[in-house]
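Each chain, letter by letter, is given below.
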Amino acid sequence: MTAKTRVMKEYKEISRSQADEAIELLPDERNILLWKGLIKGPQESPYEGHIFELGIKVPDSYPLAPPAVHFVTKIFHPNVHFKTGEICLDILKTSWSPAWTLQAVCRAVLALLSAPAPDSPLNCDAGNLLRAQDMRGYSSMARMYATRLAAMPQGSSIVEQPHPSSLNTFKEDH
Amino acid sequence: MPPLADDLRGLLQLFWSRLARLLTGTPPQTIALTGVLGLAAFLYGIYQLRQAGKRRSGTSPRRAAASRAAFQQQQQQVQSSSIAHQQQSTPLQPACAQQSHILKASQPAAAASAANTAAGLAGAVRAQLAGVSIITMSAPGVLLQETEPHQLQDGACMQESAAEIVGAMAQVANVFILAQVEDEIGEATVRCALEEAELLGLKQGQVKPHRLLFCSTLEGKVSMVRQLEPGLHVDAAAATIESLQRFMPQLLYIQQAHLPPPASGSNIGIARSLAEVFQA
Amino acid sequence: MEDDSDYEDSYVASDVEDYPTSEDGDYGYDPQTEPEISMRRAAYTVLSEEELKLRQQEALQQVMQVLSISEGEAVRVLRHCKWDVNRVNEEWFADTEALRDKIGLVDEQPTGSGRRKESCGICFDEFWVSEMHAAPCNHSFCRGCWKGYVHTAISGGPAVLSLRCPLPDCSAAVPAALVTAVSDPKHREKYHLYSLRSFVEDNQRLEWCPAPGCENAVEALHEVSNEAMDVTCRCGSSFCFNCKEEAHRPVDCETVKKWIIKNSAESENLNWILANTKPCPKCKRPIEKNQGCMHMSCSQCKHEFCWLCLASWQEHGERTGGFYNCNKYESAKKRGDYDAESLKREHARVSLQRYMHYYQRWAENDRARSQALSSKAEANDKKLEVLSEFVATPTSQLKFILDAWAQVVECRRILKWTYAYGYYRFGDNIPDEDTAQKQQQGFFEFNQGQAEMFLEKLNGVVEKDLDNLVEEFKREPGLSEVAPDGSVFVDQASSPERQAVWSKFREQLIGLTEVTRMHFVKLVQELEKGLDQLLAFYSEQPEAEAEAEVEPAAVSTAEASGSATPAQQATAKAPKRSKRSRISSRAAADKASNSAAAFSLQEADSELEAEAGYWQCRRCTVINRDLNSQSCSMCAQNRRGPISAS
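Residue numbers (my numbering), protein chains in the order written: chain A, 5 to 178; chain B, 20 to 299; chain C, 194 to 839.
Excised from the complex, chain A in its bound form (with noise of 0.2 Å):
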């Protein structure tokens, strides 16, 4: 029982029926242990609307490893590193179960999206707000980062382009 077995398997079952219209899992060409995952952000939050991409590592030892996900999209979330998208979720870590499927992963991070947990948070300014009990800022920052760096269903995306300037050069740097 290699990860690499597993792992076809898993593949032929999300091929076989496309169980979840929020999460999409898609291989890398060249190797079977790298994955890309794009997720829509769920319902009722300020992440509606838009999509990101998860960049997803398969250990050797899966499953009885957890695999190592972080998101690729930057996205403004307590408990989502801002600058290198690490995820803070117990099941990558502590609690992990060698019966969690990628699919299950993904599920998780959807529903860490709609329920941030401000307790321990990789991002502290968005952990603030919510401990501020600020929805009104946390939900506006998070729609805004959304708007200009994640992107829409349709395909055309206003990710935004460098402002131009005649003479001040200055870059898009968020």
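There's no promise every hint is true.
[To be verified] Each computed DSBU-like pair below joins lysine-lysine, with the alpha-carbon atoms no more than 30 Å apart: (1) C:246 with C:295; (2) A:78 with B:227; (3) A:87 with B:222; (4) C:340 with A:61; (5) C:495 with C:471; (6) A:13 with C:340.
The hints are simulated quantities; they were obtained by calculation from the structure and are not laboratory data. All figures in this text were calculated on a predicted structure; none of them were measured in a lab.
Using the hints provided, position chains B and C relative to the given structure of chain A.
Just chains B and C, lined up with the frame of chain A:
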């Protein structure tokens, strides 16, 4: 051989012989003097060429210092005239001196002291915001006349000339507008006011609509500013300025009439309104 | 007064167990081990590995019977309740369902029809149901996946003892039987080891003996509190049950921890640097002056400067008063420029000196203790044999020598920790106005000094005097004749002179051992009770103090001789309690009546002495056999009259 060439050669020979006679005939000191003068002229020429080159690239230490001094004077005039009746000249002097230190002025202050034309305004803004790529500002008190969240329930009024300044800013940097409101009505009010002033949109000189952010608490606003990491933050609430003092490279406090300023710092600038800072 | 009753209980206990004569292996101390001075002893036992297993089995059986559950479940329940059977009963019967849920004990689910294929939830292959394993929750996985899961968990440490079903939302506990069934022998052994270790580690009443190579555990037979408790393992090492450091009564655990950290911390180095070095004005590296001249040159940056005022040397030399003075420094000092800095330096120097004072003594006593330990072992192995030949007494009679060594070891340990106590108790700067503190410090140091003096004496006698004696015996005529078979003539050994010398030495040593022990007992008690209370009483009642010192001596003789006068019987419980109660009762009485009562007590003393055949010195408590002598043989204290200062 053409006759022209002949003439030329003759002329040259004549010139050469006359020169030789001159050189052999004159005393040695004169030759030395001539050499020295020629060398001097040569060096002066090189120096002028270098100056010209520097001027072309845009920085000139002498001229930058001169413009900075002029800018300082202008700032001092503005500050002292507005708060002449208060006993705060001393903390303001270092404040504005430091401010100019951060906001490097590259163009001569001549542009800043020009008349209130749009070109002059843009120039002034560009001059003072060189090096700053992100600007955040809190709408109440800075862009709007209302200062407290509860005042936004009934309606919002833009401050005069604030819209133009923000428009000029938006041309040179990423501008984010934050507003602390109480509920959706407040949100709508602010958004309306800004839209009426034609500040929101995708065109040049406008703030993109999704960059208008709202929050309900002061701590929330502070967190948002910290997340955005601007080079300059403009606010009318002293508490926000105090909380952000340690983290921001530059802060601008728009002082209300009767309230005391927050703790002074090298990165806090104080003014009565945006217009004061960015206009002559 | 409530304090009294506590002490009473413990004193009773300690009195009974003072010198145990039973050979009962249950108790952790037998006559061979060092006599423990700590008064507030609690009962404990030492368990070997076998005994641990037995204990664990006992607890398991008990729980299994009472709760009617299987062994695997019992293990889980016990682990959850820290192996406390009482707690198990309480929690179980209070809310069985809640406890079962928390631990993961689910009711056995029906397996259903055997002959069918299911897919394993981990590898997604299909297997016959009968070939798959499952926890009681009946979530089946194939054997290979179970093996991987269990092996990974075992490699992860003792947490595997709480292993749950692999299915994410199922919290059913995986029974030990399943774990052992699917794992290979190596991992199985590890699992068993974790299981056994959990009995000690999760249990509040059991602690491993910290000595390297010792597999024993110590069990406390009472409620474990947060106080220091010294226990001795069968392997010989003593340690504190609470903090696992070496035995450190009378000092409490926090002080010990602080002291150990301080000894190893960098802070003392920094303090030394601050006190003894100055930074180079140019490169700021600390420089120590090693010669007399004030002209310093930094070895790293080659900068030359004056030590006193730290200015560059160029502007110095002859102009500022020569190479050994510095006018600039003097004038600046007069102005007060250096005040803050030199004050800081002064502070650092003083505190460093103070720390060194205590630390040196602590380290010296520690070393002396190790030496004493090895000397004791050596005496046991070699010297006793030799000695028994010389004095015609069997080695069993020579135990008093070993006792003396044991006493030395124990007293060294106590003395060492009193220095640590002193360092923290009497802080860096005691303002002179705080006379209470100063009094306490004086009191403490006096007692410490007394105890130390007697310890040194005891150490000297048992070490040097004994060796000298043996040398003397060797040199005496008649013993140098060695028979062809190697035996030595021992007729000299029974000679009356030899015997007299020997018995005198024996008495001296025994008496000295006892005296030292009493002093240390007193010291330990004082430190534990707190110096404040005792001092208050002592300062009020100087006569009562002199009084009370007689009392314990009289009482212990009463115990030894078996008779007691009525005046003493009322306070016959324990030495120090009598002292205290006597003090407290005296505190209410008139001072005149005090002296009157004191006199009558002295009369009672002489009666007692006449009966017993010896009198006990009031200062050093040694037993003087000569009833007619008026001064003590050990400390030359006057038999009657006020106790002279030492």
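>> Tell me the numbers of any earlier hints that the structure contravenes, in ascending order.
In response: none
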